[in-house]
Structures are given as C-alpha cells and as structure tokens.
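There are 2 protein chains.
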Amino acid sequence: MSKFWSPAIQSLVPYTPGEQPKIDGLIKLNTNENPYPPAPGVQQVIATFDAERLRLYPDPDCQALKQALATDQGLQPEQVFVGNGSDEVLALAFMAFLRQSQPLLLPQTSYSFYNVYIDLFGIEARHIPLHADFSINLDDYQGSNGGIIFANPNAPTGISVPLSEIHRLLERNTESVVIVDEAYVDFGAESATALVSEFPNLLVTQTFSKSHSLAGMRVGFAYGQAELIDGLERVKNSFNSYPLDMLAQLSAIAALEDQTYFNQCCQQIIATRDWTTTQLTALGFDVLPSHTNFVFASHPKVAGAELMQYLRDNRILVRHFTKPGIDNHLRITIGTETQMQALIDCLRNHPSL
Amino acid sequence: MSKFWSPAIQSLVPYTPGEQPKIDGLIKLNTNENPYPPAPGVQQVIATFDAERLRLYPDPDCQALKQALATDQGLQPEQVFVGNGSDEVLALAFMAFLRQSQPLLLPQTSYSFYNVYIDLFGIEARHIPLHADFSINLDDYQGSNGGIIFANPNAPTGISVPLSEIHRLLERNTESVVIVDEAYVDFGAESATALVSEFPNLLVTQTFSKSHSLAGMRVGFAYGQAELIDGLERVKNSFNSYPLDMLAQLSAIAALEDQTYFNQCCQQIIATRDWTTTQLTALGFDVLPSHTNFVFASHPKVAGAELMQYLRDNRILVRHFTKPGIDNHLRITIGTETQMQALIDCLRNHPSL
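For the protein sequence lines, the chains are A and B, in the order given. Note that this note's numbering gives residue 823 to position 350 of the first sequence, counting from 1, and the numbers run on in steps of one. Note that this note's numbering gives residue 747 to position 274 of the second sequence, counting from 1, and the numbers run on in steps of one.
Hints are computed from structural coordinates only; laboratory data are not their basis. Errors might be hidden in some of the hints.
[To be verified] A few chain A positions that, by computed beta-carbon distances, are all more than 10 Å from chain B:
#1 545
#2 573
#3 612
#4 615
#5 637
#6 721
#7 748
#8 761
#9 790
#10 792
#11 798
[What the hints assert, rightly or not] Listed next, the in silico EDC-like pairs over lysine to aspartate or glutamate satisfying Cα-Cα at most 20 Å (straight line):
#12 B:501 - A:597
#13 A:476 - B:597
#14 A:495 - B:523
#15 B:796 - B:592
#16 B:796 - B:606
#17 A:501 - A:706
#18 B:495 - A:663
#19 A:495 - B:492
#20 A:796 - A:606
#21 A:501 - A:786
#22 B:495 - A:532
#23 B:796 - B:747
#24 A:476 - B:747
#25 B:476 - A:644
#26 A:476 - B:671
#27 B:476 - A:818
#28 A:774 - A:818
#29 A:774 - A:606
#30 B:796 - B:525
#31 B:495 - A:818
#32 A:476 - B:592
#33 A:796 - A:532
#34 B:495 - A:523
#35 A:501 - B:525
#36 B:774 - B:706
#37 A:476 - B:525
#38 B:476 - A:597
#39 A:501 - A:810
#40 A:495 - B:525
If you're wondering where the values come from, they're calculated on a predicted model, not measured in any experiment. The beta-carbon is built from N, C-alpha and C at its ideal position, and this holds for glycine as well.
Whole structure, please, built from the sequences with the hints as guidance.
In structure tokens:
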C-alpha cells in the first residue's frame, strides 16, 4: 500500500507464476513447459540473425507472422492477432471486449489469471462451478452476460469440452464475446478455430509457449473475425505499439513452418502423458482425463501439499494450488520419458504409497 | 465500432507509430532510431544463444537485468523496473499511479502517447501550454493534481529542462507522482535519476531503443524508490508476467556493459546533430535547441507538410505532425553523417530554399 498508488490497484492480488528455480539439476514439472527444444529452424534463425537490424523498430503489425498463422488455419491475416504471450492477448481481450455492464461468465475453477484481470479492470463476474468430475458443461453458461471465457482444455484440470458443445453455446449466445483459451489445445483437444468464420463473437487464443516450445520467446495469438481483431488492435495500439521483438516474430514463424517436428513433439508428449497416467493410477492416484501437457492428480491417502513437498525434497518440482476444492491435487507437467520415470520411481519410494 | 467492443474502447484513438517502410533504399529519419548497430556484445550474445533454452519461461523478474541497471546508477535492484519498451513501462505507470481523482498535469505538446493513455484509462488531465519558444517551464505545473508527467528532453521539440528545475518541482510537489520520461536523455540532457533517492514520488523512465540501438528488442526501464517500483510490479504481474523474452534480457545486459561503445555512439550523434543544426540554419530553418537524437525544425518559406512530401519523393523519410502549433515543423532523426549530408543536399535542391 502506498499513497502514491492509484486507488484501483491498492487491493490488487497479482498472478503468481510457477517458480523458475535458480538452482540446476531439478526436474522441473511445475510450469507446463515443453521438455523438447523448439524446432531446429528456430536455432537457425537466431544463429544467423544480424544484430545490426536491432537498431530499427520491429514491424508493429507483425504482418509476416500473422500471414503465417492465417495460412496455417486457412484464414485471412485480418483474422489474426498476435501478442506478447497469450497472457498479454488475454489481458488486451479483457480490455477490448469484457468491460461490460452485464457480468462475465467463467468457470469457478480455471486459469487463475482470469480473476486477476477481473479485478484489474473492475469487471463483474459470475463464477460457474465445475461438475463433481471437474468437467465444464457449457449448458450451464446461460442468461444475459457481458461475455464468456473458459480454457479448453481447462486448467488446471486438463479436461476438454467437445467442439459440438462449443458450437451449441455459440448458437445460443450471440450477443456477447465468447473467448476460448486454447493454450493447451494441441495436446489432443478440438480447436474452436474451425468455428471462427461462422461466429462473429468467437475469439480463440493460443500460444507458442507450450506446444511450440517457445515459452522463452513470448508469443501468443488469437483467431477471430476482423471486427474482433480490430478491437484488439485498437487496445494494443493504445497500450504498446511493438510488444513483439524481431527475434520473437522470426522464431515463431520458424516454429510454425516445421509441422513435422511439431507433430512429433506433441505425439511424444501425449504418449508420455498416457504412460504417466497409467503409472500414477497404478499407484492409487485419481488422475483426471487430460488433453494437455500435464496431468491433474490426487491421492486418497496422502495430501497434495505433502506430496508436493516430498517431491520438492527429492528435487522434483510440481505445482500445487491452495484453492479450496483443488487443494488436494497436484498439477504435474509431462516431461521426457526419463523425467516421468524418475517421478514415478520417487513416488513409489514414498512410505505411504 | 462494434457491438462486441467494450464501451470504453469505442472512441479510442490509438497511437500512430512512425512508418516502418517495407521498401529498401530509403533514408529513414522518421522514428528516432539510432543509425549505429548495438554494441558488439549483443551480436555475440545472440549468435551463441542456445535455442533449446527457449522451451523454458524467461525470468519473470528480470533479476540480472535489474541488477545491471541498478549497478549502473548506484541504486538497488528494488529501485528498478523493466518492461517491454518504455511505452509499456509508461502504460503500466499510468495504471499504477495516475488514475486519481485529481487531474494529471502534462505539457500541451509532448509525446502523443500520453493522451492515448489518458483516454484508455479514463484519466482527467490538464494540459499546460509550452512557452512561445516551445520550452517547458516547470513553474507552470502548480496546484493540486493527481500526477505530473513530462518528457525530458521533450518530444517532439527536443528541448530539455535543467535538473535544478526538476528539483524545485519535486520540492514543491510532494503529494503526487512525478514521471520524467527520459527516452532521449542520453543525448545531452541531465537525468533526474540522481534525485530518485531523495524523492519517494519520482519515477524516471528510460529505454534501450534509442541510445542503446535496441529498438528491435523492446526493452524499457524505470528508476524509482522501492514503493513506486512495487506498485509497477503489482500492475505488471496483474497484466503479463513475462513481457521480456530471454534474448531481450540478455541483449540489454550486453548493451549496458559496453559503456565505451555507448559513449562513442552518443557523442557521434551529438556531433552530427550539431552539424545538421548548423546546416539547416544556414538554409533558413528555425531549429529548436535539441538534446535528443532528432531536431525539430521549420522553415519560414515552405510549409512542413510540403517539405515532408518533397523529402519523401526523394526517398528520405522524416516525421511531420498535423497537430496545430507544430504542424509547420519537421522532426528529423539524426542519422549517420552521410545520411544527414544527403538530407542537406536534398533540401538545398528544393526550388524555394
């Protein structure tokens, strides 16, 4: 608290990102990073980059990257927005679309940054509980509203909703913006991007941080009809004209170009996820059905907080949330096969498992 | 306009950055970029970067960069904030400090992004005219207010105010935040960073884009006492946790380390600016006294808009603003000696000069 702060920020509770440890040798399964390096073309782009170009501003409109993303989905560049990670895309989308007189509808348990934006922008919200199996049922999202946002697959549960349910929601909810946050969609869920041309109020956000192994480069993006994208551009250009530096733009294009490598990495992570799920289940864990690069699991005999500390003591980082309802779960990122084997071996050695 | 946009953005007029031309061979003196490449260490950092690291998130707190910036000024890391260019730092500072019940005081003519932030965040503002010689007199900034912001040197005039005047302002104005935007300070003005330890309400913003030739990398920063920096961190961490990618952080550190190169570039630009001023004056221009890497000049015989178009037709880009009071001026970035010689030669060939 400070007399110099704006009144609106005195009570802000910022988002807490997962720990980025400064010590080496940890098995880091706490921030849903990809265990594989980015596509070889990214290394090539960086190694051959002429630093003299950095004296100039980057393209503020990221035209080449937008074109690549549009082509990838059979859309037009005017239907693509790019930002500094999907968090920035979401922050700008909250400003552009969700500051309305009616309340925003969102899941009671989802990506916790949504609630930070709700506070930051003074948005009224109605939180809709998950079902007992931790699933989202979009039929629950009814009534007049100033927007709807959910993650698909949801975080931290990992559970996805089928495209047919999203389609039904969009047919019913035509007067406010529906944001589908697809940060993890490439690990097995169905993308709503296929519905962008049909629904003018649909915005789909995605990121290069997870499935493209570019968390260190900060590139997120969104697909939507031109009118929505224009709204995002207006807010972005009223906040920061150039959020993506030259190398971020070039790296994302290089990652996008290598579809073969991308598919291999995603398939490997899916296979390792399925193996991990089987192993955890054999150890007595309840593991939610995941379409992401993490699993959300609890054990009937040992509390989540205790397991997290036990793993940490054994140099394995996983994420634990203290929020009621999910405070007995661990969110475990899918790493390499070797890393997951180490996780399972470590858990097997726990005296109560 | 769209029914899906938040009401608050329907009337937004975004900032218009200077043109980034897609054609080669232009002499680009329109966006105040440095004509010299970044320090050799930057090329080294990029060329040797292991792209595999990009699968991980960058340090959200940018600790190494903050330490380097703190050391550079004899401050503590808690007195340093870094952001994605100084525009993002300014946007976050407007959110953190300037959304107050009292009006913000700022120059009538200054960096035009300030007015975009005022609109975006719904801030009441009192614009204080420049004097007839285009100078800011801080003694005009009186009365109760919710903050004061000005650029020093001012843009697009290039004129600076002495540190003693800023000191006097801070002694008088103790109840609201004073932001001194020093994007151009390294080209000959006095930085208010020296006053940070004395005044808890002073925030000084700077950038790597101009004097460090890193416009393409997007790194800005601010100095202030820990309580102000903490306010900025809260807003930043409620908006986007990781706005600086790994290479941006490393490049800025490398640029900062090479003080010899930095001083050489700044001195060369100052020398070229003085030469350009002499030449323009000889051609009949009125040139304002600049402490920046640009000059702001008008000619009594030929309108600014006409001169801009004439130069553009001759493949030289300069910036012209249509705002009343400065619409007869050109803002001309200081390039290399060769580029400025070409500018002067071109103007000499104008039929009316």
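Given the hinted pair residue 495 of chain A and residue 492 of chain B, is their Cα-Cα distance within 20 Å?
41 Å, violated
Within a Cα-Cα threshold of 20 Å, do residue 495 of chain A and residue 523 of chain B meet the stated pairing?
18 Å, holds
Beyond 10 Å on every Cβ pair: is that true for residue 748 of chain A relative to chain B?
Holds, because the least Cβ-Cβ distance between residue 748 of chain A and chain B comes to about 20 Å, which exceeds 10 Å.
Does the alpha-carbon distance linking residue 476 of chain B and residue 818 of chain A stay inside the 20 Å limit?
55 Å, violated
Mind checking the alpha carbons of residue 774 of chain A and residue 818 of chain A for me, to see if they're no more than 20 Å apart?
Roughly 18 Å separates the two Cα atoms, so the pair holds.
So residue 798 of chain A supposedly isn't at the interface. Is its beta-carbon more than 10 Å from every beta-carbon in chain B?
23 Å, holds
Are the Cα positions of residue 476 of chain A and residue 525 of chain B separated by 20 Å at most?
44 Å, violated
Within a Cα-Cα threshold of 20 Å, do residue 495 of chain A and residue 525 of chain B meet the stated pairing?
Roughly 17 Å between the alpha carbons, so the hint for residue 495 of chain A and residue 525 of chain B holds.
Sort out whether residue 597 of chain A lies within 20 Å of residue 501 of chain B, counting only the CA atoms.
Violated, at about 47 Å.
Need the status of pair residue 501 of chain A, residue 706 of chain A: alpha-carbon distance at most 20 Å?
It is violated: about 36 Å lies between the C-alpha atoms, which goes past 20 Å.
Take a quick look at whether residue 796 of chain A and residue 606 of chain A sit within 20 Å of each other, Cα to Cα.
17 Å, holds
Are all beta-carbon distances from residue 637 of chain A to chain B longer than 10 Å?
With a cut-off of 10 Å, residue 637 of chain A remains clear of chain B, as the shortest Cβ separation is near 24 Å.
Checked against the numbered hints given earlier, the structure breaks hints 2, 6, 12, 17, 18, 19, 23, 24, 27, 30, 31, 32, 33, 36, 37 and satisfies all the rest.
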